[in-house]
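Undergrad: Sequence:
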Amino acid sequence: MPAKFKDLALDALDHQMLADWWCSAIGYVRRGSPGSPEWPVAIVDPTGEGPLIWLNPVPEPKTVKNRMHLDVWGDPAELTAAGARMVAERGGGREWHVMADPEGNEFCVFEQR
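Numbering (the working numbering), first residue to last: 1 to 113.
Treat the hints as calculated values from the structure; they're not laboratory data. Keep in mind that a hint or two might mislead.
[Unchecked claim] In silico DSS-like pairs for lysine-lysine, Cα to Cα no more than 27 Å straight-line: (1) 6 <-> 62; (2) 6 <-> 65; (3) 4 <-> 65.
[Said to hold, decoys possible] Have a look at the derived ranges for each label pair, beta carbon to beta carbon: (4) 60 <-> 93: 14 to 24 Å; (5) 64 <-> 110: 37 to 47 Å; (6) 89 <-> 2: 35 to 45 Å; (7) 61 <-> 8: 13 to 23 Å.
Note that beta-carbon positions come from the ideal geometry of N, C-alpha and C, so glycine has one too.
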């Protein structure tokens, strides 16, 4: 085995804001101190089930489609109310919605039935 999965990392122009947004959206909490403008922020699933996510500060805004993204269980209306944007609604054979976080990072939303 040449590698083993460790963490997820997400680049962000305002990593502090985006860490707070993702914590609110998926029920994660910050790990450790609030952080500083120049250092990444780690957020974790308080149940210990989900992966650790790093929010890394970068100087440039997102400009192209993600090559990798998060899949989440959720309610698109609640995520929209929290600040996400609908990119493509479920349909046409696709069982999920494509949404974007406040900085435009795409993620897929699967509704629990």
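Undergrad: Now tell me, hint by hint, if it's right for this structure.
TA: These are the hints, each one checked on the structure:
no. : hint                   : result
1   : 6 <-> 62               : 24 Å, holds
2   : 6 <-> 65               : 23 Å, holds
3   : 4 <-> 65               : 26 Å, holds
4   : 60 <-> 93: 14 to 24 Å  : 35 Å, violated
5   : 64 <-> 110: 37 to 47 Å : 24 Å, violated
6   : 89 <-> 2: 35 to 45 Å   : 39 Å, holds
7   : 61 <-> 8: 13 to 23 Å   : 20 Å, holds
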